[in-house]
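Undergrad: Listed below, chain by chain, are the residues.
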Amino acid sequence: MGYPHKSHPRETPVLSKHFGNPEARRLETWKSLGGYKALQQALTMDPVAIQNVVKESGLRGRGGAGFPTGLKWSFMKLNDGKPHYLACNADESEPGTFKDREIMRWTPHALIEGCAIGAYAIGAETAYIYVRGEFTEPIARLEEALKEARAAGIIGNNAMGSGKKIDVWVHRGAGAYICGEETALMNSLEGKRGNPRIKPPFPAVSGLFGQPTTINNVETLTAVPHILNNGAEWYKAMCLSSPKSTGSKLFSVCGNVAKPGNYEVVMGFSFKEFLYDLCGGPLPGRKFKALIPGGSSVPVITIDEAESVKMDYEGFLEVGTMLGSGGVIIFDDAQSMPRQLARLSRFYAHESCAQCTQCREGTAWMTKILERIVAGQGTFEDLDTIFDLAENMTGKTICVLSDSCAAPVTSGINKFRGEFEALIKGKRSSAVALGAGV
Amino acid sequence: MSHGPSAPSAAPHGQSHDHEPYQPVFTPGSARKKELDDLMTRYPDKRACLLPGLWMIQQDRGWISEDAMREIGEQLGVTAAYVKGVVTFYTMYHQHPVGKHFIQVCTTSPCLCAGADKVVEAFLEHTGCKELGLTSPDGKYTVIEVECLGACGFATPVQINEDYVENVTPEKVPQILAELK
Ligand SMILES: Cc1cc2nc3c(=O)[nH]c(=O)nc-3n(C[C@H](O)[C@H](O)[C@H](O)COP(=O)(O)O)c2cc1C
Ligand code: SF4
Ligand code: FES
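Chains R and W, in that order, are what the protein sequence lines are. The opening position of the first sequence corresponds to residue -15 in the working numbering, with each subsequent residue numbered one higher. The opening position of the second sequence corresponds to residue 2 in the working numbering, with each subsequent residue numbered one higher.
Derived by calculation from the structure, the hints in this document are not laboratory data. Hints should not be assumed to be uniformly reliable.
Pulled a few chain W residues facing chain R out of the computed Cβ check, cut under 7 angstroms [as the list claims (entries may be wrong)]:
#: 1; residue: M41
#: 2; residue: P45
#: 3; residue: D46
#: 4; residue: M93
#: 5; residue: P175
Just the calculated beta-carbon pair ranges, DEER-fashion [as the list claims (entries may be wrong)]:
#: 6; chain 1: R; residue 1: D366; chain 2: W; residue 2: D38; range: 50 to 60 angstroms
#: 7; chain 1: W; residue 1: D139; chain 2: R; residue 2: D368; range: 23 to 33 angstroms
#: 8; chain 1: R; residue 1: E7; chain 2: W; residue 2: T80; range: 41 to 51 angstroms
#: 9; chain 1: R; residue 1: K380; chain 2: W; residue 2: P175; range: 47 to 57 angstroms
#: 10; chain 1: W; residue 1: T80; chain 2: R; residue 2: A124; range: 28 to 38 angstroms
#: 11; chain 1: R; residue 1: D366; chain 2: W; residue 2: A32; range: 51 to 61 angstroms
#: 12; chain 1: R; residue 1: G65; chain 2: W; residue 2: E132; range: 55 to 65 angstroms
#: 13; chain 1: W; residue 1: A32; chain 2: R; residue 2: W218; range: 24 to 34 angstroms
#: 14; chain 1: W; residue 1: K101; chain 2: R; residue 2: T369; range: 42 to 52 angstroms
Every residue, glycine too, gets a C-beta built ideally from N, C-alpha and C.
Based on the provided sequences and hints, a complete structural model is requested.
TA: Okay, here's the thing in structure tokens:
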């Protein structure tokens, strides 16, 4: 279902099948749609066997980094006598990304089932779903569903009569993009400032409350029950290009496009057909110009580059960008790239936790320079300074927020240098006039 | 972090709330006290109840005062200074009273290219708020810009107190304001 649009015939709705159907939120309906069958089965399996099915399926983390999920789970040392934790990352704050929100709004039980299976597979009795503070509706949907699941004995001290304890709780954040970074999320959940931690130790060794912890994205965990129900081979077969990218993926599409929304396609789908067919192409009278395909933290590509891409982890890498979170941001020919990138840079400056000098100073300085260029007061030297800054901001900090600011900015300047130079020379072409909007 | 130019924490606007005596939220036997105590059983360390506890205070008192920081600190065994360190990290906790309707317009790039800046202007104009972060003279509205609300496909999303209003355009602003109770 291409929520909020009707499903396009070329979509493969697995996770999004019931988006838009309020009935699917209720436990009774959800069970009639096959809900909690996978959990029931999982609870009879050895945790390692579950890890192996997930490994075999090829599922990779949908939170941005694309790390293989089964492998991540296998880092958890089972039966070590320590409490283990699963943290579900529902902080969804990456500009351009709004898929987890729809999963939680429409199919809260799907996520709860994924969390319960994930917890069991890593030897945890407790899963926390950390939801960004702004998401009051998703939180309310999850709380209602958890209440139902607890009352029905699906989760709790004797999950589905298995004799095993699995608790799932919602934890509300309070406004901070950085809390989506896994170690910052753990600090935040523990009641601290959301500063990322230095790794190692990695969460599988010392995470939440100092105990072994796995962190997974909402979409990742929601895919798991489908994999158990239909088998690893079924999941692996959803693949149109690279065998390293399997399954279906929700892409959030926003910006200057005819039909923004969430679309679920099989990995390796043609980006060109996706953009023009499923998403309806550009707005009337406009042309696509540039895209940031994986949430705002990845390099900008031009529409020409985008048209050759197969939508999977490897396909986006081939054109020098990343699949990331699958949040596709589209800019058309009426947009000023300098203005958009200045605004993005400001986002990172605002969200920096300020622990690392390169990030705290770099994001702020970069923003200042870009805003100066946009105001028509930039110099050519400013562009050089940005590249210098970017180099210092990349690969040198505790987390990658700093890199995430540099990547779209430097790629954007490289690809749309003419627009920056025109502003510097004081020649604003009408197509990129400041303030151009819809 | 609550620094940076795009979401100034709402400044007080001549209200005298600072001087009104603070009413504790977690008094012995109260529903909130029970809620907090129940919550503590979910975590191995009660400090994990700090964000939830602050939410309870903000829901009941509208903002997080120094007295409130002391109160929740006492409940969880941390100092008021520690609590302040946490409160100031997160943008959603109000450190000052805000208008009855707290209006947050997303202006991050995906929304900006869909015209979010015009939506901000419309809210400022129709609420009588003179600038971002300042509460309107009648105490009813505070408007701020906010970073990505995670609803970019429904540009422009606006969060008014707890609720999202989606696909907001400047033309819809008067009607949205008229419907606020
Ligand atoms: C600054 C920053 C913000 C992040 N925000 C999110 C987020 O909102 N949601 C998410 O799932 N992952 C986010 N991540 C990635 C997480 O750190 C982590 O890799 C992910 O949750 C792991 O889950 P997965 O393996 O299922 O993808 C972020 C990373 C960084 C560096
Ligand atoms: S890179 Fe930035 S956000 Fe990440 S830890 Fe350092 S200062 Fe904080
Ligand atoms: S950029 Fe506005 S909601 Fe994401």
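Undergrad: For the hint on W/P175, just tell me whether its beta-carbon gets within less than 7 angstroms of chain R.
TA: Since the shortest Cβ distance to chain R is 19 angstroms, the answer is violated.
Undergrad: Holds or violated: W/P45 as interface residue toward chain R, Cβ cutoff 7 angstroms?
TA: Holds, about 5 angstroms.
Undergrad: Could you see if the CB distance from R/G65 to W/E132 stays within 55 to 65 angstroms?
TA: Since R/G65 and W/E132 have Cβ atoms about 58 angstroms apart, the given range 55 to 65 angstroms holds.
Undergrad: Determine whether the Cβ-Cβ distance between W/T80 and R/A124 falls within the hinted range of 28 to 38 angstroms.
TA: With a Cβ separation near 33 angstroms, W/T80 and R/A124 satisfy 28 to 38 angstroms, so the hint holds.
Undergrad: Can you verify the interface hint for W/M93: is its Cβ closer than 7 angstroms to any Cβ in chain R?
TA: holds (4 angstroms)
Undergrad: Just to be sure I understand the hint, the distance between the Cβ atoms of R/D366 and W/A32 should be within 51 to 61 angstroms; is that true here?
TA: Since R/D366 and W/A32 have Cβ atoms about 57 angstroms apart, the given range 51 to 61 angstroms holds.
Undergrad: Take a look at whether the Cβ-Cβ distance between W/A32 and R/W218 falls inside 24 to 34 angstroms.
TA: Hint violated: Cβ distance 49 angstroms, outside 24 to 34 angstroms.
Undergrad: Against chain R, with CB atoms and a cut of 7 angstroms, does the hint on W/M41 hold up?
TA: violated (11 angstroms)
Undergrad: State, for the Cβ atoms of W/K101 and R/T369, whether the hinted interval 42 to 52 angstroms holds or is violated.
TA: holds (45 angstroms)
Undergrad: At the C-beta level, are R/K380 and W/P175 separated by a distance inside 47 to 57 angstroms?
TA: holds (49 angstroms)
Undergrad: Indicate whether the distance between the beta carbons of R/D366 and W/D38 respects the range 50 to 60 angstroms.
TA: This hint holds: roughly 56 angstroms between Cβ atoms.
Undergrad: Interface hint check: W/D46, Cβ to nearest Cβ on chain R, cutoff 7 angstroms. Holds or violated?
TA: holds (6 angstroms)
The structure fails to meet hints 1, 5, 7, 13 from the earlier list, while all remaining hints are met.
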